[in-house]
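So the sequence lines, in the order shown, correspond to chains A and B. Under my numbering, residues 1 to 186 are what the first sequence spells out, in order. Under my numbering, residues 187 to 934 are what the second sequence spells out, in order.
Honestly, the hints are just simulated from the structure, not real lab data. A portion of the hints provided could be inaccurate.
[Unchecked claim] Cut-off 27 Å, straight-line C-alpha distance, at most; resulting in silico cross-link-like pairs (DSSO-like, lysine-lysine):
#1 K12/A - K411/B
#2 K111/A - K729/B
#3 K783/B - K852/B
#4 K186/A - K418/B
#5 K729/B - K747/B
#6 K852/B - K52/A
Only a predicted model underlies this, so the values are computations on that prediction, with no experimental measurement involved.
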Amino acid sequence: MAKHYAMVIQLKKCLGCQACTVACKFENKVPDGQYRTKSPAIGPSGTYPNVKVFFEKQACQMCQDAPCVKVCPTTASHYNKDGLVLIDSHKCVGCKYCMTACPYDARFINKNTGTADKCTFCYDTRLTKGEKPACVTTCVGGALLFGDANDPQSEVARYMATHRTEVRKAQFGTRPSVHYDYEGVK
Amino acid sequence: MQRRQFLKGALYGTGGTLVALSGLGAATAALNPRRAAAAAPVSRKTVYSSCEMCRNQCPIAVKVENGKVVKIDGNPNDSAFGGVICARGNSGPSLLYDPERIKKPMIRTGERGSGKFKEVSWDEAYTYIAQKLKAVQEQYGGEAVAQTSHIGPYDVFFQTIGKAIGSPNLFSHEATCPMARIIGLNTTFGTAAINADYANTKYLLVVGRNFFEGIHVAQTRAVAKALSQGTKMVVLDPRFSVLAAKGEWLPVKGATDLAFIMALANVLIDEKLYDEEFIKQYTVGFDKWAAQVQDKTPAWAAEETGISQDTIIRVARELAQAKPHSLIEYGWRTTFTADDFQLRRAIMIVNMMLGNFEVPGGYYQVKDAGTLKKVPAMAAYAKKLGPVKVPPFPKPKKGRIDGTGEKGTPRQLTPIADGAVGQITETILTGKPYPIKAWLVHRFNPVMSIGDTEKTLAAIKKLDLLVTCDVYMSDTAYNSDVVLPECTYLERTEQVFDMSGLTPKYVLRQQAVDPVYADTKPAWQIYKELGEKMGYGQYFPYKDIDDYVERQLAPTGISRKVFAEKGLWTPAGMKPFYVRSGDAKAPLTLLATKSKKIEIFSDAVQEATGAGVPVYVPYPQPGEGEFRLIEGKVAVHTNVGTHNVPVLHELMSENTLWINAQSAAKLGIKTGDTLIISAGKYEHKGTANVTEGIRPDTVFCYHGFGQISPQLTRAFGKGINDNKLIPDQLGSVGNSITSMTFVKVRKA
Ligand code: SF4
Ligand code: SF4
Ligand code: SF4
Ligand code: SF4
Numbered sequence: 001m002a003k004h005y006a007m008v009i010q011l012k013k014c015l016g017c018q019a020c021t022v023a024c025k026f027e028n029k030v031p032d033g034q035y036r037t038k039s040p041a042i043g044p045s046g047t048y049p050n051v052k053v054f055f056e057k058q059a060c061q062m063c064q065d066a067p068c069v070k071v072c073p074t075t076a077s078h079y080n081k082d083g084l085v086l087i088d089s090h091k092c093v094g095c096k097y098c099m100t101a102c103p104y105d106a107r108f109i110n111k112n113t114g115t116a117d118k119c120t121f122c123y124d125t126r127l128t129k130g131e132k133p134a135c136v137t138t139c140v141g142g143a144l145l146f147g148d149a150n151d152p153q154s155e156v157a158r159y160m161a162t163h164r165t166e167v168r169k170a171q172f173g174t175r176p177s178v179h180y181d182y183e184g185v186k
Numbered sequence: 187m188q189r190r191q192f193l194k195g196a197l198y199g200t201g202g203t204l205v206a207l208s209g210l211g212a213a214t215a216a217l218n219p220r221r222a223a224a225a226a227p228v229s230r231k232t233v234y235s236s237c238e239m240c241r242n243q244c245p246i247a248v249k250v251e252n253g254k255v256v257k258i259d260g261n262p263n264d265s266a267f268g269g270v271i272c273a274r275g276n277s278g279p280s281l282l283y284d285p286e287r288i289k290k291p292m293i294r295t296g297e298r299g300s301g302k303f304k305e306v307s308w309d310e311a312y313t314y315i316a317q318k319l320k321a322v323q324e325q326y327g328g329e330a331v332a333q334t335s336h337i338g339p340y341d342v343f344f345q346t347i348g349k350a351i352g353s354p355n356l357f358s359h360e361a362t363c364p365m366a367r368i369i370g371l372n373t374t375f376g377t378a379a380i381n382a383d384y385a386n387t388k389y390l391l392v393v394g395r396n397f398f399e400g401i402h403v404a405q406t407r408a409v410a411k412a413l414s415q416g417t418k419m420v421v422l423d424p425r426f427s428v429l430a431a432k433g434e435w436l437p438v439k440g441a442t443d444l445a446f447i448m449a450l451a452n453v454l455i456d457e458k459l460y461d462e463e464f465i466k467q468y469t470v471g472f473d474k475w476a477a478q479v480q481d482k483t484p485a486w487a488a489e490e491t492g493i494s495q496d497t498i499i500r501v502a503r504e505l506a507q508a509k510p511h512s513l514i515e516y517g518w519r520t521t522f523t524a525d526d527f528q529l530r531r532a533i534m535i536v537n538m539m540l541g542n543f544e545v546p547g548g549y550y551q552v553k554d555a556g557t558l559k560k561v562p563a564m565a566a567y568a569k570k571l572g573p574v575k576v577p578p579f580p581k582p583k584k585g586r587i588d589g590t591g592e593k594g595t596p597r598q599l600t601p602i603a604d605g606a607v608g609q610i611t612e613t614i615l616t617g618k619p620y621p622i623k624a625w626l627v628h629r630f631n632p633v634m635s636i637g638d639t640e641k642t643l644a645a646i647k648k649l650d651l652l653v654t655c656d657v658y659m660s661d662t663a664y665n666s667d668v669v670l671p672e673c674t675y676l677e678r679t680e681q682v683f684d685m686s687g688l689t690p691k692y693v694l695r696q697q698a699v700d701p702v703y704a705d706t707k708p709a710w711q712i713y714k715e716l717g718e719k720m721g722y723g724q725y726f727p728y729k730d731i732d733d734y735v736e737r738q739l740a741p742t743g744i745s746r747k748v749f750a751e752k753g754l755w756t757p758a759g760m761k762p763f764y765v766r767s768g769d770a771k772a773p774l775t776l777l778a779t780k781s782k783k784i785e786i787f788s789d790a791v792q793e794a795t796g797a798g799v800p801v802y803v804p805y806p807q808p809g810e811g812e813f814r815l816i817e818g819k820v821a822v823h824t825n826v827g828t829h830n831v832p833v834l835h836e837l838m839s840e841n842t843l844w845i846n847a848q849s850a851a852k853l854g855i856k857t858g859d860t861l862i863i864s865a866g867k868y869e870h871k872g873t874a875n876v877t878e879g880i881r882p883d884t885v886f887c888y889h890g891f892g893q894i895s896p897q898l899t900r901a902f903g904k905g906i907n908d909n910k911l912i913p914d915q916l917g918s919v920g921n922s923i924t925s926m927t928f929v930k931v932r933k934a
């Protein structure tokens, strides 16, 4: 069966420590001032002393119905053989259509290459070598799960079978592969 | 434009201003242009080493491509770390390739603090230092030379200089951080090598520590693991820290934590919930403690702490219910009050009332080779690292300037290896008890770390010699006479570290790449060469660091190859060892106290302070219109050492002043407003972060910002230097006091 890589983010466990943010920068040689991922604070909300805050790791959601792919005039943005949305930088002309189309603000023009860039699930550098993405590997809070959702034995499949997870901005019908578990933070 | 909105996402508690686009070429990209990847052939290796982006020395796996560090991962061979490192650890290459590192030895040419230096050869620098030190020694005696470092593997080399000179005035930074805890443990257990088994605890009460922003990867992960297994966590903190967000937040009134702890003891005794058997078998002096807490009722503590009586009683019962797998955390930076060490003792005493010693989820004595020797069945698992013998040092002619070690005074309890570092500036300025004329500083930044920045600067002006060795032109380096460039941890090998926990563990920092700047050197080499120049070669009998490591490993039978292949050594087949896990009555033969008991009443503390069990001392609270200023760590920076590292600076370049929403409303303050923070003598500008996450009588900022060295071009002048506002005040045992500063705040 085809693979369907997916990530599960347990927000309760995320510390907002940004280890993922920095790991991603070096793994993927992301230029200064640019990021494929970040984990900003949501909050604090409430009134002293009943306060809440949580952190939400944000990056490309690896949509299975991806607006960025649809609008790309050169097919630079495409689904690869494992169903991941990737960018062929040789084909990218930097037109930014995809950036406008992406409901998750996940893309940017890489200052060094002049082409569109975003999270790849570390496909070339790690997944193809059987390693998990850099952010998942370094996650200090243990908040990130990663694997093949089509394999019922995988950590992500088992987690999603037993927990309520959500996708962000479901109303856009993009069918993301990044799933959020908000239990304990909302 | 709303695109890339998420990239603007703020870190916690910054008032939404962060993510500065530094645009400095050093972070990642300039070094590794994507196009270069196409160039064949690539040589790749992984070097196992140990991180030094903070003091914790986490084991790392350094990926090197064509002689360049491209990525750092956690060392997957260490199960306590599971391949994880923090944001700072991940940013190592950004420091390594930073063009703002200091690259050559330098001697000052302009006024002190003018920033005018000339580059010199190492030999010139050594000669200059040696001559100046000799002059000070001849005129004032060896004791006029003080040495301070943060504390680390360099100390054995660095401090050899001062010991050879015959100075007693060697200081670590500990008095500004964990020293009160060290003393609390020393006086109760006879050793400070007591760790907590966070991962297996069922109930965790944290007193002001912040595992999720002051990150210690192994401990942070252990706490996270416990929480994910359903452990309940209660956090006493005047501020809503990230840790507090993951548990039950009790916004305790500053400087009253001891009242809370004593009331817990009161409830445990009153309701007979403590472990009487444990207390009987293993401790001395419980009756004196019981008498001391008899009137420390929850009702009384509620008045003191601002936490309700019901909550205090409930927490005491919950701790008791989960005992012995419940624990009260003993603290990291323990500089809250003048008598902070008594708070740490009290915490450990209540822990012992829970019987949580040498059981899973409690406290345990570190199982290093030396400790295991006392347990015959375990002794074979590990052998001690070899000593590297040096001839005896001359005996200092005078006592220390800070009174450390003086019998019958609280300073009798101060560890001789640490001392009261905050005393140095006072002594330089007053000449009392005798002059300090030369100061050697290694990887420490007294201008930003010893309370009262201006006072430290004034003291520096009176010196005959100030030498600083660092990787950056720190605020102290900038004001020095001689600046020595150390190479970074990725460019040096160091001696074997003992990182034992429930089992013995040795870790080796191994050089990953050649020095990026050819004229930087490792500490061991710098001080060996300086020592030789000064005629102290006999105290550096090893050829180089490899020779040193060989001497350490010789008696252990461990081959250096193990470290090349794995980065660390642990004994095969040894399980985590808790003395009492199988048998609750097992004798504690490894206890290090003279009495062989856990000393609830300590004769030494009695002799030193007259309070053999902790006694409650009420401290002043902020008056009308005042706030208690507290400060703390953020996950992306270390103390005052990383704010100029490109990638980390980019993530957080500035701090803000947290102020409670109601208090701010009264003063007409809104988030983003420029404020004047006034501590009487000094004022500092800062940006407001109005929040519900702090007590109305407290303000907070993250530490280490507002640096004053213009040669840290990124960090210079950005944010609040809390250290300018906090006075150089010392507690009973010489600990710095950092939570007793009251400030006024107004709009600029
Ligand atoms: S999140 Fe944005 S960039 Fe990623 S696949 Fe979806 S639309 Fe494309
Ligand atoms: S999966 Fe890889 S590319 Fe995506 S955010 Fe994580 S580290 Fe970055
Ligand atoms: S590393 Fe993990 S815990 Fe830290 S911010 Fe990223 S997702 Fe959250
Ligand atoms: S806690 Fe972070 S910075 Fe400190 S040694 Fe570990 S990985 Fe490095």
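Given pair status - K747/B, K729/B, alpha carbons within 27 Å: The hint holds at about 20 Å.
Agreement of K783/B and K852/B with the hint, judged by alpha carbon distance not exceeding 27 Å: With Cα atoms ~54 Å apart, K783/B and K852/B exceed 27 Å; violated.
Straight-line alpha-carbon gap K852/B to K52/A, limit 27 Å: 23 Å, holds
Restraint check for K111/A with K729/B, where alpha carbons must lie at most 27 Å apart: 48 Å, violated
Hint consistency between K186/A and K418/B [alpha-carbon to alpha-carbon, up to 27 Å]: OK: K186/A and K418/B at ~18 Å, within 27 Å.
Hinted pair K12/A and K411/B, Cα distance within 27 Å: Satisfied, since the Cα-Cα distance of roughly 12 Å is no more than 27 Å.
This entry does not satisfy hints 2, 3, going by the numbered hints stated previously.
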